[in-house]
Amino acid sequence: MSHSFWSLVFGRLDFDSLDFLKAFFHPDLNDVIVSGASWVVILGAVVTAALLTWFRLWGPLWSKWLISVDHKRIGVMYIVLALIMLARGVLEGVVMRAQQADGLHGGFVSADHFAQLFSTHGTIMIFFMAMPFLTGLINIVVPLQIGARDVSFPMLNSLSLGLTVSGAMLVMISLVIGDFSTGGWTAYPPYTEPDFQPGAGVDYWIWAVTLAGLGSTLTGINFVVTILKERAPGMTLLRMPIFTWNALCTSLLLVFAMPPLTVAGLMLAADRYLGFHFFTNTLGGNMMNYANLFWQFGHPEVYILILPAFGVYGEVIATFSGKRLYGYVTLVIATMAIGFLSFGVWLHHFFTMGQDADVNAVFGIATMLIGIPTGVKVYDWMATMFRGRIRFSVPMVYALAFMVLFVLGGLTGILLANPTVDFQVHNTLFLVAHFHNMLIPGTLFGMLAGYTYWFPKVFGFRLNDRWGYIAAFSWIIGYFLAFMPLYAVGLMGMTRRTVSYTNSAFEPWFLVAGAGAFFVTVALVTLCVQLYVSIRDRELTRDIGGDPWNARTLEWATPSPVPAYNFPVMPHIHALDAFAVAKEAGFGYQEPTSYSDIHLPGNTWAGVIAAVFGTALGFGLVWHMWWLAWLSLAVLAVSLIARALLGDRHPVKIPATEVRRQYRAWLEKVRAVTPVTRALEWDHRNCGVAATEYFEEAAE
Amino acid sequence: MEQSLLSSNPSVRSCFCLAGIVEAKSAGCGSISCVKSAKLRIMGSGPKRRTMRLQFSRRSLRLLLAGSVVLLTGCSDKNQSFLTPDGPVSALEHYHMWLITLITLIVVAPVVVGVPLLAWRYRYGNTRARYAPNWDFSTALEWPMWLVPVAIVAVLSVYLWIYTHELDPYRSIAADKPPLRVQVVGLDWKWLFIYPDYHIATVGEMAFPQDRPVSMELTTDTVMQSFMIPALGGQIYAMPGMVTRLNLEADRTGEFEGMNTQYNGDGFHAQHFQAVAITPQDFDSWVKTVQHNGAALNPTSYGILARSSTPAEVHNQFGDAAMPKDITFFNDVASRLFAGIVMRYHGDRAVSPAEEPGTVAYNAKLASK
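Those sequence lines, one after another, are chains A and B. Oh and the first sequence: position 561 is 561 in the working numbering, straight run, nothing missing. Convert by adding 700 to the 1-based position in the second sequence; the result is the number in the working numbering.
FYI, nobody ran anything at the bench for these hints, they're computed from the structure. Misleading hints may appear alongside valid ones.
[Said to hold, decoys possible] Stretches of chain B that chain A covers, calculated by requiring three or more beta carbons in the stretch to come under 8 Å of a beta carbon on chain A:
(1) 838–852
(2) 1037–1043
[To be verified] Computed, partial: chain A to chain B, Cβ under 7 Å:
(3) M287
(4) I365
(5) R391
(6) V407
(7) T420
(8) V421
(9) H426
(10) S500
(11) V659
(12) R660
(13) R664
(14) L667
[Said to hold, decoys possible] The calculated SDA-like cross-link candidates involving lysine to any residue, where the alpha carbons are at most 25 Å apart (straight line), are:
(15) B:K1065 x A:G199
(16) B:K1025 x B:R952
(17) B:K1025 x A:S500
(18) B:K1025 x A:L104
(19) B:K988 x B:Q910
Ideal Cβ positions, reconstructed from N, Cα and C, are used throughout, including at glycine.
Model the full structure from these sequences, guided by the hints.
Take a look at the structure:
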């Protein structure tokens, strides 16, 4: 009686599921690591809560951030989430590198733990690091670049964040309670079917990815509409900054690519929870359908991850070369071509599934076609540097490293596009090296470049450059050492996801990769130090004028930090790179002739409710606590329907006089600032107003 | 299990469907070497079954890339990998890989070299370099930017089409002798190699004669796996209830590392085996050894074999002192064993987890016995 009562309350959750106690019962190194990780999560949460209480920050955190619909604050919260998850993902990667460095001798991590590590590492880095990071940047930058007050659906934006957070929460909870999936980030059935993996792990994966995937779909819809409908007067599509173009393409991909993942995840859930046979071995189930569905999401996803980074690089290279972006229209065409082609190549993820040579060849050629617009993009960035005045600031260092390293990944990508070569390197560390080659110099460097580039716009002071350089070079060296050796061992026949090996020829390569992991750890620590030093020394790097890089696009015409309403009056756009054109003409900081009242959407609890009850819903489903699942689902449904019926009950109105007062105060401060040349870009004298520089034409 | 083994139906072999792309593959179409090589062989010039392209590739690329190969493979003789191909399939794959690399370098190298040069030449402090802040387009530059990559991809596509067809794993390899048939069953964490013509089976070792094609049919009796012998040729998935094919050949005698590349649980890293190419005489005596010196593979022993275990554990269970370390020989193998394994997933009723190798229930049932 009492047993059945407790199982009603706790589902299948039991004492053995509590990871943080494991080290006390089985004190070996593996379980100490498992428990240590859960204690880090628990202590991290406790310390954060204690600090918030000590500094009395709960109130501001709630009213200014958690319930805010301001796209910039939502963007910042996405990036905070991304950085936290980056820390965990990197540390997991480091543990895996350390394990394989010692893999010839068996290492120190159990096979099951290693499998959880590669599964969470992949899931986190894709869904909870890269996706929130790029979504955060898009959130912060796109409305500013197109001259909008906010996104089209601010409440939906908050809801998307809440859903993403709930997915991330589930992955973090899996560190403390129960195990995660061992099926990799792709979770291929039949391995992930309940008969083979009856535990909670795969369910954690399903609900984390499904909740976050829903959030991403909604984000995609939000930004497609925002970019198409909210542009300032005069900003035609071909006057949009290149980052916004990439964001538009990314958003379209999100809309069309995320649903297959949600469908695949829910079908797998139907197999696991309801006894369906979509992907089982028997009764007509077929895992090949899962592979197709998953990669119909999975391949466009690659471009979801990379295109925002391409956008960042476009802005960064043009700005720090002191030039207009070369081949703007070409880049737009190339971006949209990549987006379109990305839906037609998914089969190259399983050339080895036994289909006809004709099918393989067609998909192989389609894959290589994507290399054309991508290559053109790289050439366009090089042409942007040509006859420029290049400053090697931190974002530019990332961009330069990206261009050199990324084309090497492009080369191995072309190799993998060929079924003949893929037969040999599929599922080996060569493949692992390839996608890290694309995603670290591509996505991660791009995100970090964007983080450094737009940081002063959001917070009103620049990041410390010295620590920025140390971080950038640590990432570059760490990436190079950690992943180039994996190409070699992959070609030598080392399979991916392998906890240990017997071939002694692999060992030297893994030792080098282990050294690379050390540099990556240094890079991660350096990023934290940089943030600390930057906040401490913020008075030395104040961005008063709002334009610390002499940049070209509209967001730099606003004060830093940007007021909630973004622009005092809606700007009228007359050209591409409107702000650069205005600065050249000497009209950079004009006061508008008249002001009007500004209406902003009110705060909403939607995001918080989605985060809390989304997590509870997932947790209830994972542990079969049906009451919790139903309750959470009911709260989510009722609150969303109520919000839809009631509408925005607390819209904010900012009177014209107040806007005028704030804007004039800012303009006065700007006029008091001495404009600086680019030679002083990293100097404390750079207060965010750029001096016009005239260079003598050198003799040919 | 016994019943399902009996209800086998070989017609399933050509039944293969891929979400949306339903296709049937028939065996034995075409040959891996082209007509030219057949002529060469008749004329007695050149090594057996190698195209001229291949001869060229192997000689020149061995020279060209000797350094990198030595570097990559180290001095360990044990490492039989893709970088030192020992069969016609892997040799052509290897050649194709370097061919693609060299061609693609035409578009990649300018970036690797050009980016640092541009960055240095046009650095902020260099006032001697020309500065053209408003220059943002050049039709003359646009043409090569698009057309060179297009041309490269066009050339690569031609090679891709040709070699993808030539190296189709389903394509049988032309030879004077009929191919050796091997049926491969993926089990958690080992491969079972069935030699239907000899009624024997092995775990941990796949022996075959050198210079004679091996024609494999693959399936699994658990989750999906992927079969690969890098030194001989590429990889193919093995999936329950379905049959895939792979054709390979070894040019020389030797031991080549083979493995599963698709993660399938705790023992995944141990799912390796030796592919052993030996002379035809040695192969005949090897077959006799296995026939006389193996454990009987009947439904009961298969049931035990199918539980999650590594090759070493299989050897401990079934092996004896006469069998090599971590290798197990079986004999008295029923000729319909493979077809039975495939067909058991095609019944009208579900295979209960306790009857499905690899599941928790299956392993628990065997552990309790």
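**OP:** Run the structure past the numbered hints and jot down the numbers of the failing ones, going up.
**Re:** 2, 11, 12, 13, 14
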